[in-house]
Structures are given as structure tokens and as C-alpha cells.
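Participant: Here the protein sequences line up with chains A and B, keeping their order. With UniProt numbering applied, the first sequence covers 1 to 513. With UniProt numbering applied, the second sequence covers 1 to 744.
Any given hint could turn out to be false.
[Unchecked claim] Using 20 Å as the maximum straight-line C-alpha spacing, the simulated PhoX-like pairs for lysine-lysine come out as follows: (1) B:K306 x B:K342; (2) B:K296 x B:K364; (3) B:K622 x B:K592; (4) A:K321 x A:K281; (5) A:K213 x A:K240; (6) A:K312 x B:K622; (7) A:K497 x A:K435; (8) B:K397 x B:K283; (9) B:K296 x B:K324; (10) A:K312 x B:K469; (11) A:K314 x B:K110; (12) A:K281 x B:K110.
Please keep in mind that the hints were generated in silico from the structure rather than gathered at the bench.
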Amino acid sequence: MTNESMDKNFEELCYSCRTGDMDNVDRLISTGVNVNNVDKFDNSPLFLASLCGHERVVKLLLQRGAVCDRDRYEGARCIYGALTDAIRDTLLSYDISKAVDVKQPFATHISSLYNDEGILKRDVSFKVSNGRVFTAHRFLLCARSNILAGKMTNEWLKREVISIEVRSDIFEIFLKFLYLIPILHQIEPGQYEELINLSSKFKIELLSEFLDKARHISDPTEKSRLMSDYQYKFTEVARKQLLVFVNNCIFGSAIDLVDSAQQVTSPMNCPAYPDIQLAVKNRNGDTRLYPCHLAILNRAEYFRVMFTNNFKEKVTYVKAKYLPGECNCVIPQLTLPNCEFEVAEIILRYLYADNTDIPWMYAVDVLLLADILLEDRLKTISSTIITQSKEFIEQYNVFDVLYLSWEIGVERLEQFAAKFIAIHLQELYNDPEIKRAIVLSSERISFRQETDTIELVDDIRYYLLRKYSFEPDDVELFENQDDLEYLKQVGYLEYRKDMEMVDHILAELELDV
Amino acid sequence: MITNKKIKIDVPEKLGLSEKSFEQSWEIIKHAIDHIYGDDTAELSFEQVYRTVYTIVLNRKGLVLYNKLKTYIIQKLSLLRETICKNSARDYEMLETMVRLWETQCNCFKIIGDLMMYMDKVYCKPNRCLEVYDMCLDLFRVEILHKCSSFLISALISDIEEIRNLGSLDSKHTNLWKVIIGMMETLHGNRDSFFLTDFEPVLISATEEYYDKIIDIKLLTPIDSLEKIKQLKQFEDVLDSSFLNADSHSKLKTVLENVLIWGKLSDIIEDLTYEAMELLDEKLLQEIYDLSSEEKYRFAIIEAIKSYISKSAIKIPLKDGSRKKGQNAITWSSEVVNLFRKQHLFLKSINFGSIQLNNLAADKSIAILEDVFSMYFSKEESLSSEYFSTYVDYCMKRAKDNDVEMVTIKQDLLDSTRLIKLLSKKDTFEKTYRKQLSRRLLQQRSVVEIEKWTVQMIKKVLGAFFTSKLEIMLRDVSLSSEILQGFKDSMTNSIEYLSFVPQVLTRISWPFQSSNPIDEIVSLPPRMSQVLAGFEGYYSSRYKERVLKWAHHLSVIEIGCQFNTGYYEISFSVYAGAIFLLFEDYEELTLKEIYELTHIPEEYVKSLVISMSTVPRCKILKKSSNSGSTKFSVNYFFSSSNRKVKVPVIAGPVLSHKSENLANHNLVDTYENEIIMVLSATIVRVMKTEGRLSHQRLLEIVTKQTLPLFDVTPSIFKRGIQLLLEKEYIQRDADDTSYYHYLS
């Protein structure tokens, strides 16, 4: 992403923090905006959200790594500017030590792999100087370092245990670092030298830079600030690396199946080192196999549950895991529901690198797939994209959007559709679809076990008020007003016209609301 | 038209999900459930089943699927139920089967729930019905638990009782129970869990019954029963904590206390407590006390303790009658004090916990003892008060300055004051005490410092009302010695051979009222009267407006005299002394002559002379009868083992007798007057705040307020009212004469 679009995203983030738009804040943070940046008035998103009293947004920002460091002017300003006591308490309770993990869902997941004792396959081991053995995921190491990736394809290709002349404690820190575990504060003075050597040997971005700086700082406050700044940068770098890995290694080694009976080529030669294959069939009937990793797919609840019980998928996976390397040419295959390859790739980019660039034309498909994978966060992000894209609604039928929102239960889309209908009521008035939509909405009443309202109609009426910037009190006032010229000027006549249309439709449908 | 251009969104088509009929889809799901139940899921594709569920729900067939699933699970469960209920195996095996079934079913439900995850989210939540897993649990409750409940409960109860009979824990059993109870707690109908509604009540009543039967207290000694009950209680406690939650555990504890301690132990609790008290065994008593934290129980024990102590108190002989009254008083009081001390020491070591007694003393042992002793004293009424005063008197007389015994005497006094607080007739105590104190002070029989200290102690327990006069008395004594010093200093020519110690007393504070009429007429030997006149002069120069009157009948004179056998110091009443001194100038005197010389009434002279001439210990005069007239002279052959000799006053002549009676009457009179003063003050205070009150109500309030001071008798109350009516503090209501008004 260019700097320019980053700036634009940051501005939008600041705006959403003012308005308290949770979903959009979440989406924007996931684009990689630095949540600790400041706008031209020196306001941070956290400051704006706490000033405007959006407690949930404040919490989200804190969880996503916004720092409220009371030692700094900015942090103090957040606390003193907080609108409510609840927000102030939240800010105070979130001290800097809790906030080091910048990209919580992403970084935490990667870190969790390090200690995972489950069924996940670890396909490479390192034997260090004192004989201790560390196991790791080949694909992650490749993604994190080009040097490591290079060695994997050459000298380490066929070897399952790799001997490496490094001190055990140094290698442990190094490996943990690659898994994004925040260990910076644990590095002892005596470890700097070797750690710098090791990280330059494998060309680990930023690590030696950090170590060089950190070894000369003694002030603990300054040191911890440096650590949190760098930990944030490391995560950013890891996201970029994994994005590159997805784009190059996974998408690059995806296989198009011409004939469904065709034998899969040996995964040993695949630079992605997959332990699972994801099959996707597009609308033309073409099938593509993506080499993937259960470690990452696990991020989605769907896959996680799939592998908790002893179903066929797990049994196959476990069986394949224990086959010796040479014969390991069969890997389990999962299928995604049919979709365009681009959609599948968006999903993979999201799972691997927390990337949420979703072009509007794929937003609906991503939304549906996210629904099936029970990935709520992706769902809100893609529906936010739908509501924010100008092109989308020009290309799609608003009623389809409405029905879709009902289908998969996204309130944001429902509101969006109602608002759109309200604004374009005079054009849509003659569309028979609007009547159908209202009837369908009224049928949902029993479904919701409520009695005397039709939600869609209520929403439309609400947005009609908003359309003319009226308050309910204003309408009462206008009703007793007979200065036509004035009423025309304020837009009340237009409003009345719209309202009459709604009433007319209801009368025609013989619905009494 | 705005809507015509658009791309269509068709969900199932877009996702390429095959359009199967519901029946076909259901077959897939049914097949999956069968495999799950067969614990054979390895061939089952999660993907396939999940997507089938997804498609069904998306096609709005959620309700159908939900119900179908429900029916199918019921079918499965009822098949399984047969295996349990039919099984007529032993209790333990039945429980084992149940646990196995529960655990496998939970696992199945969990897997089915995972498969139905999409339905949970998209169908169940918005439609407010139970998620699949919870729905299955509910079916388990209805189909298995409820339908087998009687089997299950009786099996569980009898298994528990079996372990109780064995008397040793078996973790195999308790773990099993724990799982079953966990199941019962998990499963609940509309409000409460099965455990709460169905099992717990049964368990409680079964436990009650079991323990009611298990022990027959009549066959055991009290101590053995206690041991046995303790043992049972402890075992049950450990047993319960091994498989029950804290809540039920405490419920069972209560039941156990009811059955074992109330049902069984309450009959022997008194005997047990007595035994512990008898043996002074703190540990045993504490143990008994700690058996139950029930308030009712603890009160019972405290009552038993009280009754034990009061029984021991009653055993102390309390002899009435004027003979050897002093000795009786001393023995009785010291035994009471000892009992109090002993029991206090014993009870102090008992931890009574937090229990609310009527008596609010911080120390529970003191509270108990106070209750007991005040009850005891109230039975004895004024006698105990008199005796205690006498006891204090005895202690006081024993006390000497710098005595090693002082510490013990002080302790005795301290303990006595504790008991004095509990006397029911405090006024009697005060009256007697005042009399005895005055005697001690005037005769200088005690150490003033200790007197002061004791009065302070009494003030602490009884309040200033009772001690104000005592304090004045003590003040008088101290002041007198000061005045004497001043007097001595003012004297230019000192009278060395005469030691004169005047006591200036405030009349109203001392327990004697009128002066003896003899004092006005008696004529003392000139040396004495000289000194008295000198002192009178000094005193009136110092306190001009005060009237000084001599009370010779209260004074003591001490005369040193050389007899043939040796030198003796003889103490007399002033009158007797005056008579004795006459023999300095006269060899022999008749009664008549003595009367003329001293102006002491003849009758009184006679009794004084008789006491000097007939009492064996102090026969310092001898009598000689010549021709009808009796003459007295000094008995120079007097001898005694002690250097100090005291001439007692034999019960006096008619005149003095009369006057003493008079004084006594006066004493009672003044006492009543004082009560009336206090009473009227109280009435005025009450009426001032209330304004208007009925006679009855006023009496009640006033009685209550003056209760710690004295008993209000109706006659005294009436006198008080009369006084206030006269003085126009209050007024009778014009319409209803039983009402009074306060007049401001």
C-alpha cells in the first residue's frame, strides 16, 4: 500500500474514531494503519475516541495496540480528555505492558503456533550446539527469511533434522522472535553479540537494527518504548512477509486441474511446503489446488472445529503427517465452496497476513464465504466495504442486498439498504420489488416474535427523517404550520410526499402498521 | 429504472451447492449421527455434513431440521434407556453404567453440536431456541434422567449408605457420585437443576433418617456418645466434601446437627456440660460447645453452664440469724468470691464464638457469670448485700500499710466489687457499707488509701449515685487530718501528753443524724474540754459560718495506765473514759457521785461502769458493796495478755436505746427522702419531654429509668407525685384525673 493511501486510511480511521464506527475502525486497523500515529492537529485515534466517548472503540484500539503511555504527553492527554470515567478506567488499566502485542489476532495466532502441542505438523527440526532440538514450521521460516527459504530449497531440502552451530538460548530467542513472541525484554546483555550475528546471517529485517540500538540504552522507560515501537514494526514486517509468501509461494504454486482425476504432483518440490491442499472450483468449472497450511487455516473457526473431532479430514491429516518424508506425496485435500479464484485468494491473504484489501466486486462473495467459515470479523469488514463503495450499489440491486443481509444476519447491510431505499424512494416507488420486500419484512415479524412493526418500514421512515435532517419533533411542528412557501423551503413537502408514498404502498398491501 | 441493470445475488447457486432434496440431505445427517453414536467418525467428512446443514438452513428448513434432529435423538436415547432401566444389577454397577452413558452421550452431543454449528448460529440464536448441544442435553434429561430417576436416586442413596456403613472413604465410589451429581447439576428444567429439585431433598431426608437410626444414645455413657457423634459427624463431613458442592454440603451439615446434636445429644447435653465443669476440663467443654454453630444449641450449653454454677452457688451455706452474723458473712462471701474467681478463670479459656447474649459484656465468660450471680443474689435479696459489705469490712480491717497480704486483699476487694455490681439490693449494700465505713474511719481501723481505692472501684460498678456520700466521708477524714495539722501548728503551747485527733464530719453524709443528747450536758475532765475549746476556736476562725458540734458518742479515748501487773493502753468510749479519769482524783465513787460529776444520766453510767467492772477481759474497776451503796474503785490487779485493751459498750440503757432507735428511724426516713428527691427529679424530666401522661404510663417509665438505682414502690411514687403537685411542677388533668400535665 502506498503512503498516500495509508494517509487516507489514517484520516478515515480518525473520522471513524470520532463517530464511533466500530466495524470500520476494525477494518481500517487491519489495513495496517499505525494506530499510534497522529493527525495534523496532533490527535491520535485513541485520543479522539476517548474524547468522543466511544468506549468500545477505545477498547478495540487498545487491543489492537494503541498505546496509552502515561509517561508521554499523548497518553496523559487521552486520560484527561476521556469523556466518561469508564473510559478513563479502561485507559488506566491498559498499561503499556499489555499493549505490546500490536496485531492481536494475527500476531497472537502466529505466536500460538510456537507452543502448539496439537496435531499440527512441524516439518523441520534444528539441532543446536548442546544437542537440544527445536521443531518448527518450514513454511513460516521461509516466509520470514529469504536466506532460510533459500537454504530450504538447497542444502536443507531433504533433511528433516538440521544441525546448526548456535547456542541453545540464542536460537530459542531467535525462533521465538520469528514466531512474533514478544521476547525483547528477555534478552540479556550477554546475548546481544551472538543474536546480532545470527540475525545478520539470516538477514532478519530490523532485528539487528533494534539490538544495536537497545544495547546502548540503559533508561528503562526509553528502552521499553523502543521495544514496543519495534515489536510493532516486527509485526508489520511479518505481515508483509507473509503476504509476499502467499502471493508468491502459495498462489505461485497453485495447480490448475484440467482433469479431476489428474494425479497431484509431489508437494516436496513445492516452495510452500504445504501440509494441506485447498481445492477451489470456479464458476467455469475449473478447479485450482492451493498448497496451504492447517496452522494458518485454523484461524477460521470452521477449520478449527473440523479438526477437533475425529472426522475423516483429521484422520487423513494425522495419517499423512506420520508418513515418512520420501513417500509423503499424498496430502489431505479440503474444498472451499465454489467461488472465483480471486475470492479464495482474498480469504487466504486474510488468513495468512491479515490482509483485508477486498475489491468491491468480490465483497459479496467474500461475505458469503466468511459466513460459511464462521469468520465474523471478515464478515463485518466485507460488509463495510459494500456499504462504503460507490460502485457497488450502482452495480447491485438494493433489494438483493437487503435479502442477503437477512439471509446471513448482517445488520449493517440491512440499515444500508433501508437508507438507500429511503433516499431513492421516489425512483423505487413503482418497482414491484419494494412491495415484495415490505411483505417479506412483515413476514419476518412472526420470525422475530414481535408484534406491531415492520422493521423495514420503520427503518425507511427513520432514514426519511435523516434524509431531510428532521427531528421527530420538527415534524410535529410542521404539521401545524400552513406557510407553504416555508414548508417547501425546509423540504417538508418533499418529506410528506415520501411519507405518503410509503403509506400508499402499505395501504395497497393492506398492511396496517 | 434503478433496479434493472443489476447483478443478481443468488446464494446457493453462487456457492455451487448441489440442490438436493431435504430427504436426501437428512439421510446424510442421519448417517453422520449413526456413525457418531457408533464411535466411528473416521470415514465421515465434516465438510460434507457441515455444508449439508448450511444448505438446509439457508433454504429456511432450519425448523424442520431442528425438529427432525430432536426426534432422532429421542429415538436414540430411548433405545439406550432400556439398557439402564432393565439392568437389575447392583447399585454400584448401575451407577457405573449411568456415568458411562452420560460421558459418551456428552461426547456425541458435542460432536453433533459441532456439525450443527452453522444452525446454532443462524437458526437457533435468532429464533431463541436452545443450541443443538443444549437441546440434546435437555433431551437427555427428559428421556434418561427423568425416566430413570427413581432407579438412579435409590441406587445412589443406597450406595452412599453402604459407604457410610463401611465408615471409610472410597474414591472410586465418590468419584462416581461426583460425576453423577455433576450431571444432575448440569441438567435443569425451567429454573432449577435436577439436583436441586429432585435429588437434594431425597438425599437430605435419607441422611436424616440414616443418622437417626444409627446411634442409640441410651446405650452409651455421655462421654462415649459424644465421641461417637463426633466421629460420625467428622466422617460425614469428609464424605460430603468429597462429592457435593459447598452449598449442599452445608445443608447436610445442618441436617446432621439437627439429627445428631439436637436429636440425640440434646438429652445429655446438660450432663455433659456438668461433667466438663466438674472436671474443669476446658478442652472437653470447648469441644462440646463447638459441636454445632447453631445458636439454639450454644444457648442450651450456656444455660447448662449457668445452671451448674448457680447450683454450686446454692450449695454454699448461707446462714441467717444474728448469731455469729459477721463470721457467717465472711465465710459465705469469701466462698462466693472464690467460686466466681474459679469459674471465671475456667470459662475465660473457652472460646464462645460470636453469640448474642442478653448481657452485653465484651467478655462472654463475665457475661455468663454476671447472669448467674445476679440471679443468685436476687434470691437472697438484702442479706447478700449486707454480707458483702461485711466482707469488705473484714478485708479492710485486715489490710495494713505495706503489707505483703495487700496484693491478695486488693484482689479480693476487686473481685468483690465485681459481684457487688450484681447485688439486687444495692441500696441495702450502700446503707450497710456507709455504716461500716464510718465505723472504720472513725475508729481508724483501716488504711485510708485502700478505702479510697475501693470506693473508686465501687463507683465504677455502681455509679456515682451510690458512692457520692462515701466519697464525702473519705474527704472529711482527709480534711480533718489537715485541719488538725493546722490546729497543731497554731497552738503555741503544745499539750504533749494528750494526743487529740478531731474528725470534722459533714453531717448529712454520715450514717447518723441527731447528736446524742448527752453530748450537750456531759462535762469532761478539764484537760479535755480545754483542748476542745481550743480546737473550736481554731475551727471557727478558719470557717466562720460553720457550726461545729461534738459527737462524743462516736469518739474513742485511749488512756495509758500503770496497773500493778503492768502498763496497759485502754480504749474507751468518751463517756467511759471520762468516768475512768475521775478516779485520778477520787479513790471511790458511787453511781450517784459519778452522775453528779459528769452529768451522764445515771442509767447510762451504770451500764458503762458495769462494762468496766464485770466484763472479764477488761475488769479495770472493782465493785464494793457497803451497806447498800455500791462503790467503785480502780482494780489495780487488772491484768491482760495484750497491752491494748478495749472496753466494749454493753447494750445501752433505756435512754440511749431509745435514741438509737430514733436515729434508726431517722435513717430510714432520710433514705426515703433521698429516693423521693431522685424520683421527683426523674418525674419532672419525663414530664418535661412528654407533656401529658397517664399515671400508669408515668409509673412505668419512671420505674424503668430508676431501675438500676432502687425499686419504686407505689407509695413512694405517690409521695413523689404529691410533692410535685404541691410544688406545682405538675397538675392533674381537669377531665381525667388519671392524667398529669407538666406545668412550665
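Participant: Which of the numbered hints are not met once you compare them with the structure shown?
Facilitator: Hints 4, 5, 6, 8, 9, 10 and 12 contradicted; others consistent.
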